[in-house]
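Please work from the sequences and hints to get the whole structure.
Below, each chain spelled out in residue letters.
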Amino acid sequence: MQRLRRKSQYIFTLLANAYWLFPWKSPIYQGPLKKICFPGLNCHSCPAATMSCPLGAFQNLLATLRPSLQMGQLHIGAYVLGSLGLIGSVAGRMPCGWICPFGLLQEWLFLLPAPKFSFWRPLRIGPYIFLIVFVVLLPLFVVDSSGYGSVWFCKYVCPAGTLEAGIPLLSMDQGLRGAAGWLFTYKFVILILLLIWCTLTSRPFCRAICPLGAIYGFFNRVSWLQLRFHPDRCVQCEACLTACPTDVSFYNGLDDLNSAACIRCLRCYNICPANAVSLEFGPVREDIGKAVNTIEN
Amino acid sequence: MKRYLPLFTTIAFITLLALGIWSGEMPVVWQKAVTVCLSCIGIG
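Going down the list, the sequences are from chains A and B.
Per the numbering used here, the very first residue in the first sequence carries number 1; after that it's consecutive.
Per the numbering used here, the very first residue in the second sequence carries number 1001; after that it's consecutive.
There may be inaccurate statements among the hints.
To be verified - DMTMM-like mimics (lysine to aspartate or glutamate), calculated; alpha carbons at most 25 Å apart, straight line:
(1) Lys1002(B) x Glu280(A)
(2) Lys1002(B) x Asp232(A)
(3) Lys7(A) x Glu280(A)
(4) Lys116(A) x Glu238(A)
Stated by the list, open to error - If you want the footprint, here are the derived chain A segments under chain B, 3+ residues with CB under 8 Å:
(5) 20–30
(6) 40–46
(7) 55–67
(8) 86–96
(9) 147–154
(10) 158–167
These aren't lab readings, by the way, just hints derived from the structure by calculation.
In this text, all values refer to a predicted model and were calculated from it rather than measured experimentally.
Don't be surprised by glycine CBs; every beta carbon is placed ideally from N, CA and C.
This is how it looks when you write it as structure tokens:
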């Protein structure tokens, strides 16, 4: 199944970046597919991007909410949230593990030979802070005299924008290169630091920063797809914890198997020698999550 | 009740998606996505 997951990551990364005519035609794709939000983090200003970035689109809608209301249009981001929520309600955070190009990049970087460090768990609060502050509050409330806000997360944080759009566009366009100043330098430093962090720690962007993962994470406990832990079968070998890219420690009761931190890569399901993890699809069972509590008690 | 949470969640977000399409958010999303976002690339 992990081979299938890797293939899925490659296929979706290619589908999300399938416009290879940019050196000869328009610098970015301008076709109808860009009406659709890609379910992973993929900057829509990337020259090869075929779909919209849900985070960029959501921030844009919030940043222009006041002017749109003045024109009698209610653009509150329902289309973007509806798209993400629909996917989340079916599979929870599975797009993070199976689709997201930036997740794939982090997994590649973690394979590089370098000292490895565990993730500091309190940083798990990070994605929620970035989501609430940078994606919602700042674009909504910090506005200019005309009522227009800015895309704060894209502008000051997002390393995907720098990597997938900033570097290629600046390398192709002399005018853009001339316009690059302190902001590009700052974002470039953020990108380099993050890439270094990715070689040292497993998926640090997903766990400490990504607001998209935070949105999907809300659905892990209520999605049609559920992981189920059977403590009576567990042999406490810790194979699941060793394999887990986000250190979800469910076998000892520290985390719920369907916690928001789980990216649904299903490595625990594949690696468990005692079949103590099962996969279910359908209505949530009333006792889901109680297996962990049994151990705690 | 918890049993039907996935169903309620799916219906709620399909409704939200439909509301977004009905209110004309799709062309706005497209319009923003087909122009180079200077903020995203670190220019302005």
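How the hints compare with the structure:
1. At roughly 15 Å between alpha-carbon atoms, lysine 1002(B) and glutamate 280(A) fall within 25 Å of each other, so this suggested pair holds.
2. With a C-alpha separation of about 24 Å, the suggested pair lysine 1002(B) and aspartate 232(A) falls inside the 25 Å cut-off, and the hint holds.
3. A C-alpha spacing of about 22 Å is found between lysine 7(A) and glutamate 280(A), which places the hinted pair at or below 25 Å, so the restraint holds.
4. For the hint linking lysine 116(A) to glutamate 238(A), the alpha-carbon distance of about 18 Å falls within 25 Å, and the restraint holds.
5. Only when three residues or more bring their CB closer than 8 Å to a CB of chain B does the claim for the region 20–30 of chain A stand; here the count is 4, and the claim holds.
6. Residues of the region 40–46 of chain A lying with their CB closer than 8 Å to a CB of chain B number 3, which satisfies the three-residue condition for coverage.
7. Three residues within the 8 Å Cβ limit are the bar, and the region 55–67 of chain A against chain B gives 5, so the coverage statement holds.
8. Under a criterion of three residues with beta carbons nearer than 8 Å to beta carbons of chain B, the stated coverage of the region 86–96 of chain A is upheld, 4 such residues being counted.
9. With 3 residues having a Cβ less than 8 Å from any Cβ of chain B, the region 147–154 of chain A passes the three-residue criterion, so the hint holds.
10. By the rule of at least three residues with a Cβ nearer than 8 Å to a Cβ of chain B, the coverage given for the region 158–167 of chain A holds, with 5 such residues.
Checked against the numbered hints given earlier, the structure satisfies every one of them.
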